[in-house]
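Q: Sequence:
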Amino acid sequence: MPSENYQPTQPTERYIADRPANDRSLPELFSTVIGQMSTLFRQEIQLARAEMGEKVGHAAGAITPIAAGAAMLLGTLILMLFALVSLLVYFDVPVGWSQLIVAVFAALVGYLLIRSGLNRLNTANLVPNRTAEQLSRDAQVAKEQVR
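Residues in the sequence shown are numbered from 1 upward in steps of one, following our numbering.
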């Protein structure tokens with residue numbers, strides 16, 4: 001039996017879908033089920049696109065304040081590194097060595113931060129969960145209809 005949202009696309013399909021199930025042959029019923037499943041999966045793909053667009057839009061709205069904050073922190077970090085070089089010079093470490101020590105320290109901290117971030121990166125947050133669940137349910141229903 002056609003679902004409420006199902007709209008047959010072919011004229012013969014409309015004729016078949018409008019006839020009672022008792023009057024249809026097995027190939028006609030099978031054709032109707034295949035048509036409905038095809039429409040259902042197209043609609044699920046549209047849902048997945050909409051859900052991914054929603055997630056990307058949400059992430060895009062957060063990028064501007066993150067970038068502004070990162071720019072401010074970068075300036076602060078540079079000033080703090082200059083201050084650290086000045087501190088080492090104050091303790092009688094030559095300027096060249098002070099700059100090298102601070103640069104190596106900053107590179108090491110930067111490397112560790114990047115590695116930590118890559119380890120925490122979770123692509124599961126980008127998966128359209130609702131669509132995946134719905135596709136799983138649709139596949140189950142399709143299996144039941146074929147039996």
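Simulated from the structure, these hints should not be mistaken for lab results.
From the three backbone atoms N, C-alpha and C, an ideal C-beta is built for every residue, glycine too.
Keep in mind that a hint or two might mislead.
Claimed, not checked - Cβ pair distances, simulated, as ranges:
| id | residue 1 | residue 2 | range |
| --- | --- | --- | --- |
| 1 | Ser38 | Ile63 | 51 to 61 Å |
| 2 | Gln140 | Ala68 | 43 to 53 Å |
| 3 | Arg130 | Phe91 | 32 to 42 Å |
| 4 | Val104 | Leu79 | 15 to 25 Å |
Q: Hints first: check each against the structure and report whether it holds.
A: Taking the hints in turn, this is what the structure says about them:
Range check, Ser38 to Ile63: about 38 Å between beta-carbon atoms, so the 51 to 61 Å window is missed. Distance hint for Gln140 and Ala68: a CB-CB separation of about 47 Å, consistent with the stated range 43 to 53 Å. Between Arg130 and Phe91 the CB atoms are about 60 Å apart, so this pair departs from the stated range of 32 to 42 Å. Val104 and Leu79 have their C-beta atoms about 19 Å apart, which keeps the hinted 15 to 25 Å range intact.
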